[in-house]
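Enquirer: In UniProt numbering, the protein residues as written are 1 to 1101.
Because the hints were derived from the structure by calculation, they are not lab data.
These numbers come from a predicted model, not from an experiment.
Where hints are given, some of them may not hold.
Said to hold, decoys possible - In silico BS3-like cross-links for lysine-lysine, where the CA-CA straight-line distance does not exceed 30 angstroms:
{"no.": "1", "residue 1": "557", "residue 2": "405"}
{"no.": "2", "residue 1": "634", "residue 2": "674"}
{"no.": "3", "residue 1": "405", "residue 2": "634"}
{"no.": "4", "residue 1": "755", "residue 2": "796"}
{"no.": "5", "residue 1": "576", "residue 2": "550"}
{"no.": "6", "residue 1": "472", "residue 2": "634"}
{"no.": "7", "residue 1": "405", "residue 2": "336"}
{"no.": "8", "residue 1": "636", "residue 2": "576"}
{"no.": "9", "residue 1": "639", "residue 2": "605"}
{"no.": "10", "residue 1": "181", "residue 2": "796"}
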Amino acid sequence: MAARSSSGASARRSAAVQRLIDSADQSLSLLASFGDAPASSTAGLSLDSSAAESLPSAPSTRFGLDDDDVMGAADEPQVTEEEGEEDARLLEPVVHASVRGGLLHVKGVFPDLSTEFVDVDPRFTTVGDLKRALCERRDCAGSLGFSAREARVMFGGQLVEDAWLVVDCGMGFEGAIHIIKAGSFLGRAPGGLFDGRGTPRADPKLSISSIASVYAGQQTQPPLTVAQLGSSNDQVMSQLATFNQSLSLATVPSTRGDLLSRHVRPEEASFAEMAADFYENLERVQDSDLYCEKLLSGYIDVLQTRLEKLEASLASGSKARGVPNVAQQRLQSDIKELRDERNTWRLLFELRQVCHASKEMADGEDSLMMLGAEAEELRFEMLEDDAVRLLETRNEPYKIQRAVKAWLESMALESTISISDKRGATGSRTLRMMRKQVFPGEEVRMDPDAVLRDGDDHILPDDLEDEAELMKAVWLYVRAGRMDDAIDLCIRLGQSWRAASLSGGNPVGASESNEREDMAMERWGNPFRALWKSMCWRLSEQAVGEKLSKSNSLLAKKYEELIYAALSGNIQVITKSSLCETWEDHCWAYLQGITEQQLDDILYKLLKVKSQSSQLIVGNNTHYLRHYSSLLDKTKYLKRYQVDLDTLFEELRSSQSELVRMQANQPHRQIQAKLVTAKFQYIVSSILDTLLFNPEDDSYNWDLQLNSTVQSDETSALFLRFAAHFIMFANFTGEHFDEQAGHMILKLYIRHLVKHRQLQFVPVYASRLPTAGAIEIYVQMLSTVEDRLERELCIKRILEYAGMDVLSTVLQAVVERLCEEYRLVAQDQQQNKGQPVSSDVPTTEIDRKRIRTIELLCFYTEHRAEALVRANLLTRQFLMEGKFAAVKELVEDTLPEDSIGALDLNRGAQLLRDDDEIERAMREFLCWRAYILAGAQYDLWRNCINNPGTDALSLYSEEKNYLTDLMFHVSRSAAATLEVLHFENGWLMGCSNDATEDTAIRERCLPTLVFNLHFIQLESAKTIMRLNHYPEDAKAELARPLLEKSIEVADVVADEHYGVYHALDQDQCRDLLHGFRESAVSLAFVESMPTPVISPDTDQE
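When you get a sec, could you build the whole thing from the sequences and use the hints?
Expert: Set out below in structure tokens:
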């Protein structure tokens, strides 16, 4: 029995340990995804949140199990009851809904695996509030090295935005809330973009190189030495190679709250997060160029990921439906536009790298030894490889041309095809058939030129198909700049002769090899490169005649012509081919020819320099020089494009190919063409401005025109987002363009965000505008928000980017604007209904909107004075409109109860009002509060006196209880009314600068209170006298003081200090005198009642 118990205990213990190991593995994997290794002081396993919660320890504790502990657990004789409960708790949910008050008991796990707990209301608490509460409990700044602002919340394996509600994040999920350090998309490793030891620059934009600077500096750059050529951008490239992580903020959580994230496209959210992270970390940047390139790579990664998802969705949809529908067509359009945008960002990235490399080279020139002015650039001892490196290093236009060509090749790389090894494994089928003597009596040749010489009649169709597919694959590799892959493919498929024909374009180079002891010289390249190119030129123009009749033979021949045309620089063959009809193909063909022509030219000059020094130079013969000169003559027309590529792009816009013309005039192609030549002014003012704005509209204002239709509504949201981010990036890098046009483009994208309720992203872009423009945009944005919680989240977001001063101005303006707008609407409604102003007008929905406007000023104590001022102003408007019910709702429900106390404690922190205004606002608010209280107490008295009424009271006890309630409400109502009439220094006196309005309001409010005070006393006395079962003497004793006080109302009105009589007109005074007379008559009647005589016998009894 003991053995069985020990075996069962060991099994339970082993199961518990296994759960701990699984939890630890999961926790370690999660932490690894954050980029921070878990800190552990032991060699054992660090437990995750679920394991940590189950152990009875302090909230901030790390746990570990050593191997000895695990092994020793199995040897224990039995498991205690506490340990069994401990193991059972491992399976409990990590997050539990609290049964107390509907709160949620949330557990936060920090990077060091410590935990904290807070109770929150998930309906009203944001993720940011939750994060700050947990970080404050943990003291993250002191113990973990990052503040709450630098922290992010991860839930369910995804990052969650601070602006979302906890309830919208699905907190019922049984998982841990992980608090992690915000992994900026820029590495913070020493020597990277951030270096804590360096001093942050005040303006990082000062050291950023722009694309235009490459063109501006190409004329003044001094000649470079061969020693300089060897030291290129290796350091820059090695730094960029470290940026292999995707942006930490580039993914959007799949669970979004409906409050602020309606209709959010994933790439829009990702771009906004990246831009926010970019500017947030700007002050710590040490290398602005690398910083910009990292941002661009983030944009590209986001678009590439989105493209892959859309293409997969389109492919699955096409298989399911067969015929494209409207949704698929829209999907195809989005894919095309996203691909164009990705290509534009890629081009900008390539150009930025050229600028960065040129800037690094220019900065390092002072520390390098320069050749004298008399030194020649090309010298006898140079190899062709040295001359090519000289061209690549010192010729700035050539760098840009190569970068653009590499960009075009990267796009073509997506279209390459893979050919199976089985294609060439068995060799030519025609050759096998010939060996089997299938062609008796026929002379069949199978050398490489046999098809062109003898025709394709004897070639089997499968062989022709294989040849066509091979030529297409080789061409796509050549088009993608993968010459080595094309050569390898030919060798792999048994066409080594063709591989040799493709391999003659490398310039001659040499280096010492250390692989052998004799220090042998390793050489490469083709010394007769020009002759090889001349032969390729001939092959690209070789006539076919009528010997090729089969379609695959003709197709293979066309691809072969394209291949050799590209190798030789014969551009005309490529541009006239039906297989190359896109704008990218034509651009690549010209850039291939331009770069090859410059390469040929510098190698020809080097050959001339060598020939002047020695006759023993390879290629120094008349025949070879004649071929070289002829080749240069054929391509010299390309020189006109070298200086200014704008000429090339303009010619493509008028190309003979209809498809090329159409593509060249598309927005992204136009932008790409102007990016190459750094024409940012043209991009902004002539391309973006023309697409997004009406040509007749040249206004510069901040009106979002949310209720109007503008030209940009016809433009896709994708292009609007691109335009906004392009403007922000170009402005940061110091490119020159029309700044006002850029502001208007940003405004259009902000308009799109506001109309689609993506309000959490608006401050990211509005913060890049002038302060006046940002304020106006924030005002318009908040004017569209009516939900209280949504308002609070928007205000917090604005405060994060703009600061309290700007937020104060925004809130003051939006409240003023909304109140005036709603007032005019309410006035029109009241006029249309024909209601007199003096009547008690019921509260409408517009009136409630006017009331809820004040809550915009109640989120921060710094604005409480302004809230009081606006509430007082709105109260005056309601009273003048006869809306007494709205006044009550405004004063009682809208403003926080602690408004006066908060103002007393934080008077110095008020931003919008001075002390005198605050004092008057507090006094006026107290006047309104007293007025509302008087009305409320009067209503309670009326309810008491009318319900149930004296006629319904049939017993003495009922009358006694009724009298108790009545006298209580009489005293409370009279006191509240008298508090208004005898308010210190006069009710509403000295509260505003408009004495006329104060007088009008007093004339509207105070007479009613005077009559109420008199009526309360008189009617209560009459009610008492109408009681049936109460003693007559007791009724007289109760009624007499009330009647006397009703007459004393005259003293209240006539008191000169409070000036109540000024608020009554003659008719009201006459009516009041009639009331006093009635009170006097009633008092006389009560006084005339006989007083009962109490005998001594009665007293004794």
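Enquirer: The structure should be examined with respect to each hint, and the outcome stated for every one.
Expert: Against the structure, the hints come out as follows:
With a C-alpha separation of about 25 angstroms, the suggested pair residue 557 and residue 405 falls inside the 30 angstroms cut-off, and the hint holds. At most 30 angstroms may separate the alpha-carbon atoms for a hinted pair to count; residue 634 and residue 674 meet this at roughly 28 angstroms. Distance check on the hinted pair: residue 405 and residue 634 sit about 21 angstroms apart at the alpha-carbon level, within 30 angstroms; holds. Restraint check for residue 755 and residue 796: the C-alpha separation of about 20 angstroms stays at or below 30 angstroms, so the hint holds.
Straight-line distance between C-alpha atoms of residue 576 and residue 550 comes to about 22 angstroms, which keeps the hinted pair within the 30 angstroms bound. Pair hint residue 472 plus residue 634 holds up; C-alpha atoms about 27 angstroms apart against a cutoff of 30 angstroms. For the hint pairing residue 405 with residue 336, the CA-to-CA distance comes to about 21 angstroms; that is within 30 angstroms, so the pair holds. Restraint check for residue 636 and residue 576: satisfied, since their Cα atoms lie roughly 19 angstroms apart, inside the 30 angstroms limit.
Using a Cα cut-off of 30 angstroms, the hinted pair residue 639 and residue 605 holds, with the two alpha carbons roughly 16 angstroms apart. For the given pair, residue 181 sits about 21 angstroms from residue 796 by alpha-carbon distance, which is consistent with the 30 angstroms threshold.
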